[in-house]
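Each residue of the sequence shown is one higher than the one before, starting from 773 at the first, in our numbering.
Bear in mind the hints are in silico, worked out from the structure with no lab data behind them. C-beta atoms are modelled at their ideal positions from N, C-alpha and C, and glycine is treated no differently. Some hints here could point you the wrong way.
Below 30 Å or equal to it, Euclidean Cα-Cα: the simulated BS3-like pairs (lysine-lysine) are [claimed, not checked]: (1) K891 - K979; (2) K926 - K894; (3) K926 - K993; (4) K993 - K979.
Cβ-Cβ distance ranges computed for the label pairs, FRET-style [claimed, not checked]: (5) G922 - T955: 43 to 53 Å; (6) P884 - R1063: 37 to 47 Å; (7) P861 - P884: 17 to 27 Å.
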Amino acid sequence: MWFALGLLYLLAYVWPLFAAETPSDSTQVVPTTQDVTQPAIPLQDSLSTPTIKTDPIDVTPLPDPNQPPLDWITPSGDSTQVLDDFEYPKRLNSYPDDIWGGRSGLFYRETPKAEVYYKIQKEGKNHYLAAQTTGEAVNFGRETNIKSRGRERKANLRQYKKLRWRWRVHSLPEGSDERESNTNDSAAAVRLVFRTGILPTSGKSLKYIWSETLPSGTVIKSGNQYTIVLRSGQKDLGKWVWEEINAYDDYVHLFGGNPRPVDLLGLLTDSNNTDSFVKADYDDITFIIPRPDNVKMIPDFMLDNP
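Just need the whole structure built from these sequences, with the hints factored in.
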């Protein structure tokens, strides 16, 4: 009897306590989930961004067209004589300083200023000489007076062996060939004249040109003038191009002997033979004494004489 009462007590009071702590098969377990109020992180954003290593870019500054190439030697003091940089701001769109003059025709007669097509122009802060024509030929020149050893005198190639300038050609004379008299036109030319008499046509000259057709290095002899092709064709059209030549060496090689002082420096943009349109610019014409270790000192009295 007592055993039966004990069993009933267990069934009535103890068993429900164990049953309450054991989940039934219908109990749902809520899984842990991401807070839906936060945006999901895209897969590509969850990955680390790779580091891309690149070599530093070598940015070489463009050369200044108003300055000669950096590897050219420009001596200081009187060793560099700027014959003309065409800085004539009051002569804009007109004839430059009166030290310049035009000559034309078979006998190189003086050309009236109204017929001279060489004008001062401006680009930024720089002034330069511009020439353009169709069917005309005017030689434009000046004396080569420079300051040497304390006074003004004509440039002597035995001392100032090098000539430097820059030019820019826009349009070439179509059909030109400087070897033939009936097609002898050049978009741009720089001449050195060494007089041996009183007439403008007397003497010797070196002429450096930008040709339409003849290759660079071509040398043409016509009377007492040698024409040397420095530039050819359309390459570099519209760009300022610097030139530096050893005029003394050219003279000795072509004429022989020592040159007289340079009487005149001339510029020529012409198309009278081809009757075509030509256009060119000039600037910064300079005589230069080469580096001292390449030059022998010339006695002062010899600078003005042969």
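TODO: Output the numbers, in ascending order, of every earlier hint that fails for this structure.
DONE: Nothing - there is no hint that the structure violates, so all of them hold.
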